[in-house]
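There are 2 protein chains.
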Amino acid sequence: MNIRAVIMAGGSGTRFWPLSRRTRPKQFLDIVSSRSMIEETVARLLPLISPKDIFTIADGSQTAALRGLLPDLPKRNFLVEPLARNTAPSLMLATACAYLQDPETVIAALAADHLIRDPDRFLNKLQAGAKAAHSGDRIVIFGIPPAFPSTGYGYIHFLREKGKRIGGEPFFPVLEFKEKPGRAEAEHFLADGNYYWNSGMFLWRADVFARKLRRYAPKFFPLWERMLDALEKKNQKGLRSVFEEIPALSIDYALMEKAKGVLVCAGDFGWSDVGAWSSLYDVWPLDEAGNAVKGEKLVLDSQGCLVYAPGKLTALVGVKDLIVVDAGDSLLICRKDLDQKVKDIVEILKKENKKYL
Amino acid sequence: MNIRAVIMAGGSGTRFWPLSRRTRPKQFLDIVSSRSMIEETVARLLPLISPKDIFTIADGSQTAALRGLLPDLPKRNFLVEPLARNTAPSLMLATACAYLQDPETVIAALAADHLIRDPDRFLNKLQAGAKAAHSGDRIVIFGIPPAFPSTGYGYIHFLREKGKRIGGEPFFPVLEFKEKPGRAEAEHFLADGNYYWNSGMFLWRADVFARKLRRYAPKFFPLWERMLDALEKKNQKGLRSVFEEIPALSIDYALMEKAKGVLVCAGDFGWSDVGAWSSLYDVWPLDEAGNAVKGEKLVLDSQGCLVYAPGKLTALVGVKDLIVVDAGDSLLICRKDLDQKVKDIVEILKKENKKYL
Chain C
135 MNIRAVIMAG
145 GSGTRFWPLS
155 RRTRPKQFLD
165 IVSSRSMIEE
175 TVARLLPLIS
185 PKDIFTIADG
195 SQTAALRGLL
205 PDLPKRNFLV
215 EPLARNTAPS
225 LMLATACAYL
235 QDPETVIAAL
245 AADHLIRDPD
255 RFLNKLQAGA
265 KAAHSGDRIV
275 IFGIPPAFPS
285 TGYGYIHFLR
295 EKGKRIGGEP
305 FFPVLEFKEK
315 PGRAEAEHFL
325 ADGNYYWNSG
335 MFLWRADVFA
345 RKLRRYAPKF
355 FPLWERMLDA
365 LEKKNQKGLR
375 SVFEEIPALS
385 IDYALMEKAK
395 GVLVCAGDFG
405 WSDVGAWSSL
415 YDVWPLDEAG
425 NAVKGEKLVL
435 DSQGCLVYAP
445 GKLTALVGVK
455 DLIVVDAGDS
465 LLICRKDLDQ
475 KVKDIVEILK
485 KENKKYL
Chain P
135 MNIRAVIMAG
145 GSGTRFWPLS
155 RRTRPKQFLD
165 IVSSRSMIEE
175 TVARLLPLIS
185 PKDIFTIADG
195 SQTAALRGLL
205 PDLPKRNFLV
215 EPLARNTAPS
225 LMLATACAYL
235 QDPETVIAAL
245 AADHLIRDPD
255 RFLNKLQAGA
265 KAAHSGDRIV
275 IFGIPPAFPS
285 TGYGYIHFLR
295 EKGKRIGGEP
305 FFPVLEFKEK
315 PGRAEAEHFL
325 ADGNYYWNSG
335 MFLWRADVFA
345 RKLRRYAPKF
355 FPLWERMLDA
365 LEKKNQKGLR
375 SVFEEIPALS
385 IDYALMEKAK
395 GVLVCAGDFG
405 WSDVGAWSSL
415 YDVWPLDEAG
425 NAVKGEKLVL
435 DSQGCLVYAP
445 GKLTALVGVK
455 DLIVVDAGDS
465 LLICRKDLDQ
475 KVKDIVEILK
485 KENKKYL
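Going down the list, the protein sequences come from chains C and P.
Numbers in my numbering are just positions in the first sequence, counted from 1, shifted up by 134.
Numbers in my numbering are just positions in the second sequence, counted from 1, shifted up by 134.
Hints in this document: simulated from the structure, not taken from any laboratory.
You may find that some hints are simply not true.
[Stated by the list, open to error] With a cut-off of at most 27 Å between alpha-carbon atoms, the simulated DSS-like pairs for lysine-lysine come out as follows: (1) P:K312 to C:K484; (2) C:K454 to P:K485; (3) P:K431 to C:K431; (4) P:K485 to C:K446; (5) C:K489 to P:K428; (6) C:K314 to C:K484; (7) C:K353 to C:K312; (8) C:K488 to P:K209; (9) P:K368 to C:K431; (10) C:K186 to C:K446; (11) C:K367 to C:K353; (12) P:K368 to P:K353; (13) C:K484 to P:K394; (14) C:K454 to P:K428; (15) C:K485 to P:K446; (16) P:K312 to C:K428; (17) C:K475 to P:K446; (18) P:K431 to P:K312; (19) P:K475 to C:K454; (20) C:K454 to P:K477; (21) P:K186 to P:K209; (22) P:K485 to C:K428.
[Said to hold, decoys possible] Which bits of chain C does chain P cover? Going by a derived footprint, with three or more residues having C-beta under 8 Å, they are: (23) 189-203; (24) 464-470; (25) 477-487.
Glycine included, C-beta positions come from ideal geometry on N, C-alpha and C.
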């Protein structure tokens with residue numbers, strides 16, 4: 135069985151402003167460790183997948199930065215989208231590349247900017263998932279057992295009774311994908327026990343992916359065939375024209391929500407999508423007063439703060455539950471429970487045509 | 135009448151850390167306007183006193199910086215203390231220099247780092263004060279009508295009934311200097327009406343100063359004579375040895391508290407000693423939500439903050455009554471009512487032998 139990891143490394147994060155910028159999205163930041171998130175993502179795969187089988191996909195503006203951070207990957211493994219068009223086009227392209235080499239290649243479509251606290255368990259699940267994807271006409275998705283009634287994730291409703299073990303791990307048939315719910319619905323999902331968060335991490339065999347597209351996403355199938363054709367002929371113009379036409383949809387919306395034969399596997403390996411600054415508060419080490427500080431610190435009567443200011447001294451005096459981020463040309467001081475507003479700041483900066491983005 | 139301004143420009147501020155440093159005390163900071171405080175101090179004197187009669191006094195480590203900021207003053211006007219030994223030795227030296235040129239010179243001893251909101255009124259008072267000092271055997275001090283029962287200033291108790299007008303302004307005989315009081319005493323001083331804050335700004339004729347020293351500070355008088363002698367002979371070594379011996383006392387403690395014949399004049403010209411970061415909140419312009427920001431800002435649901443971060447964008451989200459100061463290598467985040475703790479930070483940094491001082 136041939137497993138190919140495809141790391142989706144495009145997209146520009148806005149929720150880690152002022153650190154994340156157009157040209158420096160979240161996956162390039164050293165926010166969960168001393169390495170960037172994309173380096174962590176690759177490093178945790180290495181015990182299972184060799185560098186020649188680890189690919190990234192992003193638009194061309196990121197290629198140089200990605201190659202710089204991941205020098206052990208072959209240069210041809212940095213796949214380039216002609217245009218950034220959401221995850222459906224991007225994963226179709228990455229899968230098409232694999233299909234042309236070996237239609238039975240198992241693709242592990244992974245995010246570049248997720249945190250996984252238990253990488254060994256993750257690799258076990260990944261291996262079992264690959265086996266499940268390889269052995270039948272099905273797509274595998276990692277679902278995260280919900281830790282609280284989040285209204286920020288999509289959910290996957292599955293049939294627990296029809297679970298089966300593959301490679302030692304349980305897999306359940308997916309009944310339905312649910313969009314981000316309201317609070318009441320989220321509480322119902324949590325209480326029900328048969329809902330997982332959608333992690334956005336998938337496994338499929340390239341030929342199975344093609345079959346599912348033809349059957350459940352018929353609008354996309356001709357575009358898939360044109361991609362294959364353009365790739366075979368190394369026709370960059372042709373590939374670009376596909377990307378100009380293709381709907382910019384997520385793979386969830388384009389295919390997963392419609393497809394039959396999707397299995398979910400519990401992603402109970404300490405997953406976090408590190409969605410905003412405050413999520414790092416659970417990741418970074420805390421001092422006695424419960425402050426998480428990257429950089430030198432001097433703390434007087436202060437609790438619960440998260441500070442990112444490497445290379446400088448931050449003095450906190452009598453403050454509580456603040457997020458402080460120094461990004462050189464800009465500084466964020468934010469109440470910790472209001473970090474969702476960081477997106478608003480980015481919107482305002484865009485409208486005002488300001489730098490700092 | 136010859137008036138000579140002597141601006142006390144030594145001392146290293148600690149209350150404006152992280153902006154103020156050993157080599158960059160408060161008077162060098164652009165915290166009240168776009169110019170440094172020492173530049174403001176000199177500029178407000180110019181309508182009355184020409185540059186040739188404006189002197190600074192500080193220890194030698196500051197001379198280059200002072201000359202750089204005040205290029206219009208003659209080079210010889212930057213007086214140098216052989217050692218930094220508090221204000222009594224420093225003002226004795228500055229007065230001795232004037233005495234040797236003209237014993238009847240009136241010295242206006244001024245601080246380098248005070249804010250004066252009404253400079254015209256200040257100059258009128260200064261002129262009247264110089265007249266008062268020149269015409270009799272007396273020292274003049276500016277007293278600040280107290281705005282609240284401060285426990286942070288010394289007070290001057292004066293005899294209102296014996297006031298007299300000189301140069302159009304009222305002067306009152308000083309009864310007693312009071313050290314920084316407790317809260318109850320401060321409230322009594324305020325209610326009484328015959329107490330002013332000690333501004334630390336004085337006027338005296340050089341020869342009168344000498345006479346007062348001989349009579350009321352007899353331990354200092356021989357040192358004064360040795361200063362005169364060393365200055366006359368340009369004996370730097372001799373001057374240094376005086377500074378090595380002389381008690382490091384304030385002029386208030388060494389002379390003023392003991393002297394008779396001291397008049398106080400109301401310094402009702404919008405004075406502030408700008409004692410700590412929060413005092414700037416009353417000086418800087420406020421936005422609609424009551425934030426005072428030096429630098430570019432983006433404010434969401436935030437009130438009452440004071441931000442010094444010139445040259446960068448500061449985004450405030452849901453925060454209230456904070457002091458935020460970015461000094462490049464260090465960052466202060468402090469509850470606005472706790473800015474007195476900044477001194478504690480400096481003490482801690484000293485003990486830990488850290489840079490950032």
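Given the hint that K485 (chain P) pairs with K446 (chain C), does the C-alpha gap stay at or below 27 Å?
Answer holds: K485 (chain P) to K446 (chain C) is near 19 Å, not above 27 Å.
What's the verdict on K186 (chain P) and K209 (chain P), does the C-alpha distance respect the 27 Å limit or exceed it?
Distance of about 10 Å is within 27 Å: holds.
For a C-alpha distance cap of 27 Å, please report whether K368 (chain P) and K353 (chain P) respect it.
holds (23 Å)
Holds or violated: K485 (chain P) with K428 (chain C), Cα cutoff 27 Å?
holds (23 Å)
Chain P covers the segment 464-470 of chain C, three or more CB atoms within 8 Å, holds or violated
holds (count 6)
Examine the segment 477-487 of chain C for residues whose CB is less than 8 Å from any CB of chain P, and state whether their number is three or more.
Answer holds; 4 residues pass the 8 Å Cβ test.
Under the criterion that the straight-line Cα-Cα distance not exceed 27 Å, is the pair K431 (chain P), K312 (chain P) satisfied?
Judged against 27 Å, a Cα distance of about 44 Å means the pair is violated.
Check the hint pairing K454 (chain C) with K428 (chain P) against an upper bound of 27 Å on the C-alpha distance.
Holds. K454 (chain C) to K428 (chain P) sits at ~23 Å (cutoff 27 Å).
Taken at face value, is the distance from the CA of K431 (chain C) to the CA of K368 (chain P) at most 27 Å?
Not satisfied, since the Cα-Cα distance of roughly 49 Å exceeds 27 Å.
K488 (chain C) and K209 (chain P) were given as a pair; does the straight-line alpha-carbon distance stay at or below 27 Å?
violated (45 Å)
Taking only the CA atoms, is the gap from K489 (chain C) to K428 (chain P) under or equal to 27 Å?
The given pair, whose Cα atoms are some 18 Å apart, holds under the 27 Å limit.
Please work out if K454 (chain C) and K477 (chain P) have their alpha carbons no farther apart than 27 Å.
The hint holds at about 20 Å.
Comparing the model with each numbered hint stated earlier shows that hints 1, 8, 9, 10, 13, 16, 18 and 23 do not hold.
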